[in-house]
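Residue numbers (my numbering), protein chains in the order written: chain A, 883 to 1227; chain B, 883 to 1227; chain C, 883 to 1227; chain D, 883 to 1227.
Since the hints were made in silico from the structure, they are not lab data.
Please read all numbers here as calculations on a predicted model, not as lab measurements.
Note that beta-carbon positions come from the ideal geometry of N, C-alpha and C, so glycine has one too.
Careful: at least some of the hints might be erroneous.
[Unchecked claim] On the chain B side, residues computed to face chain A include the following (Cβ under 7 Å):
no., residue
1, V981
2, G1073
3, S1191
Number of protein chains: 4
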Amino acid sequence: MSRTMKALVKHKEGQGAQLEEVFVPRPGRGEVLVKVKAAAICGTDGHIYEWDDWAASRIKPPLIFGHEFCGEVVELGEGVENIEEGIFVSVEGHFTCGVCFFCRTGQGHICQDVEIIGVDTAGCFAQYVRVPQENIWKIHEDIPVEVAAIFDPVGNAVHSALVDEIIGNNILITGCGPIGLAAIALCRHAGARKVMATEINEFRRNLAQKMGAHRVFDPRQVDVVQEVFKETQGMGADVLLEMAGKPQAINQGFRALRKGGWASLLGLAPGPVEMDINDGIIFKGARVYGINGRRMYDTWYKMEALLTSGLDVQPLITHSFPMEDFAEAFELVLSGSCGKVILYP
Amino acid sequence: MSRTMKALVKHKEGQGAQLEEVFVPRPGRGEVLVKVKAAAICGTDGHIYEWDDWAASRIKPPLIFGHEFCGEVVELGEGVENIEEGIFVSVEGHFTCGVCFFCRTGQGHICQDVEIIGVDTAGCFAQYVRVPQENIWKIHEDIPVEVAAIFDPVGNAVHSALVDEIIGNNILITGCGPIGLAAIALCRHAGARKVMATEINEFRRNLAQKMGAHRVFDPRQVDVVQEVFKETQGMGADVLLEMAGKPQAINQGFRALRKGGWASLLGLAPGPVEMDINDGIIFKGARVYGINGRRMYDTWYKMEALLTSGLDVQPLITHSFPMEDFAEAFELVLSGSCGKVILYP
Amino acid sequence: MSRTMKALVKHKEGQGAQLEEVFVPRPGRGEVLVKVKAAAICGTDGHIYEWDDWAASRIKPPLIFGHEFCGEVVELGEGVENIEEGIFVSVEGHFTCGVCFFCRTGQGHICQDVEIIGVDTAGCFAQYVRVPQENIWKIHEDIPVEVAAIFDPVGNAVHSALVDEIIGNNILITGCGPIGLAAIALCRHAGARKVMATEINEFRRNLAQKMGAHRVFDPRQVDVVQEVFKETQGMGADVLLEMAGKPQAINQGFRALRKGGWASLLGLAPGPVEMDINDGIIFKGARVYGINGRRMYDTWYKMEALLTSGLDVQPLITHSFPMEDFAEAFELVLSGSCGKVILYP
Amino acid sequence: MSRTMKALVKHKEGQGAQLEEVFVPRPGRGEVLVKVKAAAICGTDGHIYEWDDWAASRIKPPLIFGHEFCGEVVELGEGVENIEEGIFVSVEGHFTCGVCFFCRTGQGHICQDVEIIGVDTAGCFAQYVRVPQENIWKIHEDIPVEVAAIFDPVGNAVHSALVDEIIGNNILITGCGPIGLAAIALCRHAGARKVMATEINEFRRNLAQKMGAHRVFDPRQVDVVQEVFKETQGMGADVLLEMAGKPQAINQGFRALRKGGWASLLGLAPGPVEMDINDGIIFKGARVYGINGRRMYDTWYKMEALLTSGLDVQPLITHSFPMEDFAEAFELVLSGSCGKVILYP
């Protein structure tokens, strides 16, 4: 193995990133070195690339970013057990403390001392990445590399949708980014009655239909709330999966939700949101779930079960680039006219 | 309307039944008269016909029996509201008191003063049947008559399977009577990982495959527990739907269940069952649900949602007879070499 | 029985109300006439009395208002069963349609055609009131009249608090109106670890301590969030019961909630609320429940069990007046310096 | 520290045990050495002492047995973090693999490769015991030593009772061994309506009353089912906590359970149990939970919250002995005329 590797580095504050030759990390005690086969660009990576307010407040350059990927285990640190070199793996990107209340009660996804790969520590836009052994997820060799690279966002969709009942329910998904798109396929697979989705980008509306949505609305063209009520004989959606993080979408979603329905909130809003809590939640007797990451590792086991028994998320992957063409790839992601975009390091 | 009608009457204690000409019932206050379009024979009807111990202890001849059916509303009693003559309906066969703790808390299916149509009161093996307005379930005209006639057992399957999580889980269904068969299709529709079923009757094993089972076992030919462990990489079934009511099946089911799994018990055993509670339930930390009838009317709404969005139970209906040929129909039901058997009155 | 009665009537748009002599209502089919023994004034009645925006948009004078009460059944309409004259009763004030999806699935509290007594139909600030037989709740003769008069708000507290786990949890109750105060006693009875409450009115802060709160904060004097974290070793409250309906209280509540905690929202805000959904709900992976009325009739059965086995809400009742002194009573309620205020008609 | 210590050893197959001088264990990597302050005798230890069928099939002498204890950390193995010498601790006695499906999804209590201290590995009837760092539970210095020694059985009670709703419910606890007794106090603390218990031993019936039971029945003297129905106005118990493991108690429990009620099964039966599943579970629509150990570490956090906010289990501890007098202590435990019995090593 070479001592150096290519990596995409957020080298300084401000817009952009650059490709650099850096040292290959060495796995410490309990750590594993993974050779990255494919990485995927998340919306968060777009924020880091563009250097928005959130990125400026959170990221400390220089940092190799990127957190969605799969690869091959190529080196084991001291004390690593139950993992062999050569296996094909994905990685849970939340590195947890293991000893807090949350970690000790099966809620590691909200660990109080969590570190996120590609945000707090060196990420996967690189030829090699170092991760704790606990975060390794072995995957079947026959799962395509590109699918294995997007377990992180697909897991978000699984966590969001399966927190309460989907089967036989009418679902409204606000926002067809990759997680919303994955949720469409998942809800169909889970026996949803009717899957409705909203999205302003035409490319993604088309993709939503490919993923199996019964109806896809452009919220700038139609009255989403009215359409949902029309599609549900005046009842409203049984379920809201909020994946846009836009104040307007959030409020539309809660207006379209039926009494006694439930909602998962995953999309992050740019700031505080003005909400009609009375009509949207209280009078409806609604249940609302905040969704953060993936349950460790319930979500992963469930995802594996689904992907090996008929859930197909492959249409979600629309573009791929060699890592050298990162500028083009990020431009595409920021345009919104894509599904998942893969980088090959 | 004629003042008399044909009806299949359990006329005396002992085996058999006979076709009689009886008065058409008149709907009282809050009651509705339904003209039966199609009725289906339940295993319970087989017990009444054969006059087993249970029947001898519960049934008071003479009684028109039968409780699975659909038909058309032809007459309204005084004070009936929200129901019109001419509508196509199915009927929930548990007539509840409406005022007990259970009825007042959404648990009417376990009402303390329940009466069951065709068991406690005149049933549906007749040209007309009288039912309380609360028990009427309006159905879409485009649902086939035969499917509308079996909402009762399909509802049992829905109640059994949706009491806990199906999606992504490996399911073992012990017993492929009509409810077990419906559960197979339902679990597939609900995104189960692998659906395994056991059944000693060859006709029903073939039907189980038509309904979508991945694997069907003859418990007299193979070691079911071993097969389930093989199919699940040594984990055992995540879910047991017990629909046989045979001591051996119950015990096989719990042995095949994985730790932390869950079970619905629907099949009624002929008497007390010797069970290994320690290994079957306690050490496994299993959850077990007793299933009685259908939730009123949660199960019905859910069933309607499912049947209008892709759940197909039609292969379950394998035979039909004019009511005059009831002897042949019951012989078939008692042989077990059938799915649902329909009688046209 | 006299043909006329005294009643407190919202006689016209604008502030105030007046005592009038009106006809005693006659119970229709399925209805019951109740002689009011004691009525209690709700915050909603205060809004009607003061004629705020909500009242102006909802109430159609002339209207006898009031919805919290107990009394004696004195006359039965035609067809009433299971209720006898002379019994001591409280009344669920949501009159439901009985036939919608919600009513048929044990969710009558969110019935789509609900009518609320004292808002949509003649209320209980009168000597007699007419109610549907379904809404009658028989109570033990040995429950004090004043307690029986406040089953409505106590039921709100029961519904809010028991929707998820209380035992062993640290609870924050924002707002010590009567429902918040009842929730304090309830959480103590339910084995809460530490019950913390916020309230700006000094009288109610003192009452909160009488009801059993471990800590009571004046949000104008201390930093509530900081105090809650201090009391919980930096974890935050496991549970938020939001009963103030003030934007500031709602936001404080969610900031003070721990990761993985849960919240009931009962307090109605005066309009849309600007909320930090990201930090308050999503990153925390919180569960949020909208609470509307009482579950019919789960909440009532639970309340009866609690009030007959040790839950003491009597300290909550602080003042009582003959109905003639309504002006004084309303002034007191509007000042906030009281618990529950009783009117004797 | 001395190189040898006193330990109570199951030295050979057959009845009895003997005190021996053995080497003090050395903590390996990730392990901790605990100096035992107090140990408690479990029924399981009684089985080992008496050498019943279960013991003969499971235990491999020579073995230091015992698994309920508290003590002081006196030595840290290599790589131990977050634990300091000198702290006062209890220990979860299930040593888990950490990598199986169960361990990775917050269900370590049913780990597929679990080892139990005092059964599979050297136990706590000794001056020192070696445990994995993960199993250490730090406790407040002001919790009495004897209470700290019985966190294991108290945790069983917490796990059994809090798996579903207790508040406002009528509870039947079959069997007043230490776990049943702890459950009595817990149910009272949790706001149960009426706590009823059954027990054949008079000493324990008296203790049950001290722990707070409203009614205690001797099943040899009264018809338990009839008594429970009498105490609950004919409804039956809302909740069954089965802690006897006797076939008769199990069947009585399920007969006394109300429709729609729930049951925790903790007591281990001596073999298969003949059960009326139809009437006991299915027709009732009951929910049944198998209870194994304690949830790791949800149960521990909950137990700590309860013991520091009013739950008092101290009356449960009735006897204590120096370890030298083990023969007398075991005789007492086997007689059943005691609560918890403490050994001081």
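Hints versus structure:
no.	hint	result
1	V981	24 Å, violated
2	G1073	4 Å, holds
3	S1191	4 Å, holds
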